[in-house]
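Student: In case you want the letters, here they are:
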Amino acid sequence: MTSLDKTGAADTLAGRPRRARARAGVPLPLLLPALLGLAFLVLPLVALLIRAPWRSLPEQLTSTEVWQALQLSLVCATSATALSLVVGVPLAWLLARADFPGRGLVRALVTLPLVLPPVVGGVALLLALGRNGVVGRWLDSWFGITLPFTTAGVILAETFVAMPFLVISVEGTLRAADRRYEEAAQTLGASRFTAFRRVTLPLIAPGIAAGAVLAWARALGEFGATITFAGNFPGRTQTMPLAVYLALQNDPAAAIALSLVLLAVSVAVLAGLRDRWVTAS
Amino acid sequence: MTRPADRHRRTLKAAAASVAALLALGACSSSGDDASAGSGGSASPNVSGTVTVFAAASLKESFTKLGAAFEKAHPGTEVSFNFGGSDTLAAGITGGAPADVFAAASARTMKTVTDQGEAAGTPVVFTRNRLEIATLPGNPEKIASLKDLTRSGLKVVLCDKTVPCGAAAGKALDAGGVKLTPVSYEEDVKGALNKVVLKEADAAVVYRTDVRAAGDKVEGVDFPEAAEAVNDYPIALLKNARNATAAKAFIDLVRSAEGRKVLTEAGFLTP
Chain A
391 MTSLDKTGAA
401 DTLAGRPRRA
411 RARAGVPLPL
421 LLPALLGLAF
431 LVLPLVALLI
441 RAPWRSLPEQ
451 LTSTEVWQAL
461 QLSLVCATSA
471 TALSLVVGVP
481 LAWLLARADF
491 PGRGLVRALV
501 TLPLVLPPVV
511 GGVALLLALG
521 RNGVVGRWLD
531 SWFGITLPFT
541 TAGVILAETF
551 VAMPFLVISV
561 EGTLRAADRR
571 YEEAAQTLGA
581 SRFTAFRRVT
591 LPLIAPGIAA
601 GAVLAWARAL
611 GEFGATITFA
621 GNFPGRTQTM
631 PLAVYLALQN
641 DPAAAIALSL
651 VLLAVSVAVL
661 AGLRDRWVTA
671 S
Chain B
6 MTRPADRHRR
16 TLKAAAASVA
26 ALLALGACSS
36 SGDDASAGSG
46 GSASPNVSGT
56 VTVFAAASLK
66 ESFTKLGAAF
76 EKAHPGTEVS
86 FNFGGSDTLA
96 AGITGGAPAD
106 VFAAASARTM
116 KTVTDQGEAA
126 GTPVVFTRNR
136 LEIATLPGNP
146 EKIASLKDLT
156 RSGLKVVLCD
166 KTVPCGAAAG
176 KALDAGGVKL
186 TPVSYEEDVK
196 GALNKVVLKE
206 ADAAVVYRTD
216 VRAAGDKVEG
226 VDFPEAAEAV
236 NDYPIALLKN
246 ARNATAAKAF
256 IDLVRSAEGR
266 KVLTEAGFLT
276 P
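As you go down the protein sequences, you meet chains A and B in turn. If you read the first sequence in our numbering, its first letter stands for residue 391, the second for the next number, and so on. If you read the second sequence in our numbering, its first letter stands for residue 6, the second for the next number, and so on.
A portion of the hints provided could be inaccurate.
To be verified - Using 20 Å as the maximum straight-line C-alpha spacing, the simulated SDA-like pairs for lysine to any residue come out as follows:
(1) Lys204(B) / Val657(A)
(2) Lys166(B) / Val634(A)
(3) Lys222(B) / Arg527(A)
(4) Lys184(B) / Gly143(B)
(5) Lys166(B) / Leu529(A)
(6) Lys152(B) / Ala262(B)
(7) Lys65(B) / Glu76(B)
(8) Lys204(B) / Gly143(B)
(9) Lys222(B) / Val432(A)
Since the hints were made in silico from the structure, they are not lab data.
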């Protein structure tokens with residue numbers, strides 16, 4: 391597989407001069423809206439940077455609450471991504487490869503959290519997994535587990551919101567991947583699971599990585615489901631977006647400072663990953 | 006935050022209950038166009054057009070009722086509300102949002118508006134709100150005081166100290182010398198209330214008006230320390246009001262006996 395990728399990269403390299411010539415002639419009807427779109431996305435961030443309280447920034451960043459929130463955000467977003475990978479990749483495989491009645495319906499159900507307002511997602515989680523919830527009451531009475539107001543609750547809330555991004559992304563890659571590799575493996579005696587593990591998984595690794603990055607980013611910024619399901623307690627359930635929102639209530643400058651920290655960290659992580667994986671897709 | 010649909014329904018029911026009063030009100034003012042001294046207090050004759058009122062979220066039920074009464078009393082007028090967190094509303098007003106009247110849930114938030122010179126005249130305190138403990142229906146944990154909330158195994162939620170209800174709760178806890186570690190500091194009062202409504206928390210410190218609005222979903226417990234942390238609600242005409250005449254008339258209605266009655270029904274205290 392890696393050799394395939396390398397050939398692909400070589401092709402791109404060889405084709406560069408021709409592409410450069412093509413770029414000179416970007417049609418105006420495409421260029422203008424593209425630039426407008428770019429400006430629209432970048433301008434608010436630039437405004438944030440311009441209005442940032444640079445002078446008080448060091449003071450804001452040395453508070454333990456900020457680091458606590460940042461650490462919790464990173465831990466929870468990463469755990470949520472891991473959880474999404476463990477159950478999301480098999481789910482994507484099921485949607486892309488298995489034939490079963492009602493697959494369209496299942497796919498629609500999987501994407502539902504994408505359109506659900508996260509706050510509603512949080513309420514739904516409470517109704518399902520809360521102390522008095524449909525499943526939660528049994529968790530409580532049998533195992534003494536209550537999820538609301540815990541870090542585990544934050545991870546679940548983030549997973550609920552972020553996993554669909556991963557599933558959609560991985561399913562798309564699976565559909566685009568050449569099935570014949572798997573079939574060849576199976577004709578050579580590999581079981582379907584071995585073929586998945588040894589052939590399919592490496593084949594779609596870039597797609598999984600891209601999906602995981604998307605899910606991670608979404609989980610990192612999660613607010614509504616988290617505060618509704620897990621509440622807000624510093625060090626336990628107060629992630630950065632919650633800290634930012636509450637700071638916004640009476641100290642907008644502090645909120646901007648916190649947002650910058652979150653932005654800087656996520657840009658650093660995403661840029662670091664980009665070179666490794668994301669561009670490969 | 007989310008509001009259970011049934012709360013809404015209850016609000017409608019409450020609104021329906023007060024229809025009789027409103028009808029009487031409307032009848033008396035529409036009979037005499039000019040001398041509509043009836044409800045609006047000192048309503049002036051040429052009140053017309055749209056009044057835009059920015060009001061604290063806790064005023065939603067009462068102000069919606071008063072808005073309907075105002076429109077009845079002054080045919081041809083329309084009261085347009087923007088309910089939200091007082092801080093957010095204040096930020097909107099100082100940022101140039103078009104509003105005629107601002108009714109805040111705390112003196113501090115009104116101050117951010119007056120400090121920017123956005124208010125016309127001095128704000129007036131028109132009502133007050135007191136804290137209460139919201140417990141599960143029937144109060145199964147037998148909570149009778151602030152101190153009871155510190156019992157181990159009890160899940161208590163408070164508002165975050167950055168929002169008015171959290172600041173007030175902090176003041177009350179300090180006054181009682183009670184040290185309380187909640188399971189969560191909620192982002193607003195409805196968030197705290199909903200945790201009890203959904204039975205995820207055993208108790209929350211919220212406003213009396215929220216307990217009242219939640220009906221039989223929660224039970225309210227009064228506590229003496231609440232007297233130390235009563236929130237004043239100031240109302241002010243704004244400098245850039247585009248319809249100052251109607252705005253003044255609306256403020257008069259809020260401060261009239263009729264306005265006081267609606268607010269008291271919702272659980273507010275007289276100023």
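Student: Which hint numbers doesn't this structure obey?
Tutor: 1, 4, 5, 6, 9
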